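Chemist: Line by line, the protein sequences are chains L and C.
Each residue of the first sequence is one higher than the one before, counting from 43 in this note's numbering.
Each residue of the second sequence is one higher than the one before, counting from 43 in this note's numbering.
Please note that a few of the clues may not be correct.
Unchecked claim - One-sided excerpt, in silico: chain L residues whose CB lies under 10 Å from chain C: (1) 134; (2) 159; (3) 218; (4) 221.
In short, the hints are calculated from the structure, not lab data.
Keep in mind the model is a prediction, meaning the values are calculated, not measured.
Glycine included, C-beta positions come from ideal geometry on N, C-alpha and C.
So you can see what is in the structure, the chains are spelled out below.
Number of protein chains: 2
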Amino acid sequence: MPLSTEDLAMIDTPAVLVDLDIAGRNIARFQHYADGHGLRVRPHIKTHKLPVIAEMQLAAGAVGITCQKVSEAEAMAAGSRAITDVLITYNIVGAAKLARLRTLAGKLTLSVVADSEAVAAGLSDAFRSERHPLRVLVECDTGANRCGVPTPEAAEILAATIDAAPGLSFGGLMTYPPAGGEAAVERFMAEAKARIEARGIAVPVVTSGGTPSMMTAAEAPTTSEYRPGTYVYNDRSLVSRGVCGWDDCALNVLATVVSVPSENRAIIDSGSKTLTSDLLGLTGYGHVLGRDDILIDQLSEEHGRLVSTGPIGLAVGDKVRIVPNHACVVTNMVDTVLLTGDGRTGAEPCSVVARGKIV
Amino acid sequence: MPLSTEDLAMIDTPAVLVDLDIAGRNIARFQHYADGHGLRVRPHIKTHKLPVIAEMQLAAGAVGITCQKVSEAEAMAAGSRAITDVLITYNIVGAAKLARLRTLAGKLTLSVVADSEAVAAGLSDAFRSERHPLRVLVECDTGANRCGVPTPEAAEILAATIDAAPGLSFGGLMTYPPAGGEAAVERFMAEAKARIEARGIAVPVVTSGGTPSMMTAAEAPTTSEYRPGTYVYNDRSLVSRGVCGWDDCALNVLATVVSVPSENRAIIDSGSKTLTSDLLGLTGYGHVLGRDDILIDQLSEEHGRLVSTGPIGLAVGDKVRIVPNHACVVTNMVDTVLLTGDGRTGAEPCSVVARGKIV
């Protein structure tokens, strides 16, 4: 049941609201697509950072979760017994992190990635005396120009290195694809997989990700697993790409008007400390629901400036709901979100246990 | 004593390092200027969010601190007995915040601002039954086009309203000035002050702020108090404006190279979750100390991409120190900073108690 105006009036602001009914629909939509195309789903928890939503994703059919940092995986695993299989899609470097990774591997089915011999050597040193080997996937750069080995040949060589390394087992291939890059993903992954298999090494998983192209993920048929993150909440960037509508956005920022200094300008109590400065190529810092005439044209840390093409028609104390440009980064700003829906009659505070987990 | 390479090697990353010796010099420099020009100093704690640094500012001569939100003021006051005088430069709106403000006013010398009759009426309703009136300053828009009454006449009228309102006392005039706006500040404040005094109402304080123009604050002689924030740490935006040098930057982000995918590109384990997406008009997301050839050209949440004009000369595991574009927002990303200097032999973890205080 959506919150009433009276419910909203009771909420101190700024506040981050998460509608679990919408999130549930978003989860079901992609799971249905994936099931229909033989794709396993391993959602990236960066968007919600909440065990309760990971549990919804697992209950819908996800095979496990994806985290980006060791500390995120620790927090998520501590928050739910249902979380038993975690892929950390990150090069784990340094003694402190490797020690934590070892501890975590004793509790979970754990996989990580590597894109260089240096990273693989560090993992091997850390796990060579362990009873069970650590699964390591090779991260592949299929065009996003971030991390990843640059060619299928390089993927083959690193896979063989991992396969032979004490303490490690080769877990497959991983990529974060460029926008609209299914063809590039398929070309790279098909060749890399064939090369590795030609060496007699199995490729258990080929995992790709990214919400923008998730509904065409099957166009890269070598992909066996997909890791969408933002899909669970959606946001203004995805609406602007035509991926979803405003009604599919599960995360809103609730803000209060604190000043109306001129006829077409209002200031809200939400700035970059909740909405963040992420633009993702857009103009303005979020969409005020129901007010297509308003642009959030400027943020400081605690102020958001709303300007309208006409009279803004807002008064001090009015509340507005905002769909942020980028949902994941908003989650990371707050210690608590307010959950609604899924049978709740009001808004229920929920600690964002994997917030701020940077190491 | 600066950290050695061995010290840095021991620190898990990303980490936010704060050098208290540099911070102390920055504090002393502005306090000296202010003392020489008869300006009181009331630092804005948004930059550090740490009671220990507020204590350094107070010990140097600050008359109190500035906060932006009620919850920030609560956290700071709870963290240090030395914090007894707080100005919250924000329109406090809504029953929940007003109740907390009342509690806080019982413990501190507290002032807030208002820029409308609506805000003043809410404050008056909340404080009319209190034993002591709440000091309320009128926020003035001297050109920044954020909050604030638009004219000296409007300031006069609102000051009279506050002066007459049950539960309130008029505390003076406050502005956050536009860049290089001393003349505009002086013009507005001198006229507003004269108008209010002509009504027989005293103007106890005229307070302005902003690090970029702090060393010319005295060019607006009606200003009696100044509220710099970023000056304590400095950052890349202030270096780019010529306000300070790299050696004056007290806050650094320490990051580790996790991938070197090509000759002129490296990826570090610090992305927008530490450096933030704040550009402040700059190109790139921070300055790698000692490496003028490197641009941080792209951030995702957990990755920073470094590109060099030539061979980047970094290897997996190398550490780099980064001066962020905007120090204040980096402070807000982390639960803990590492303090160095001021007699410490190593890096000492310190909880950022006023982080994430958004209400």
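Chemist: Please name the hints from earlier in the document that this structure breaks, with their numbers sorted from lowest to highest.
Modeler: Of the numbered hints, just 4 does not hold.
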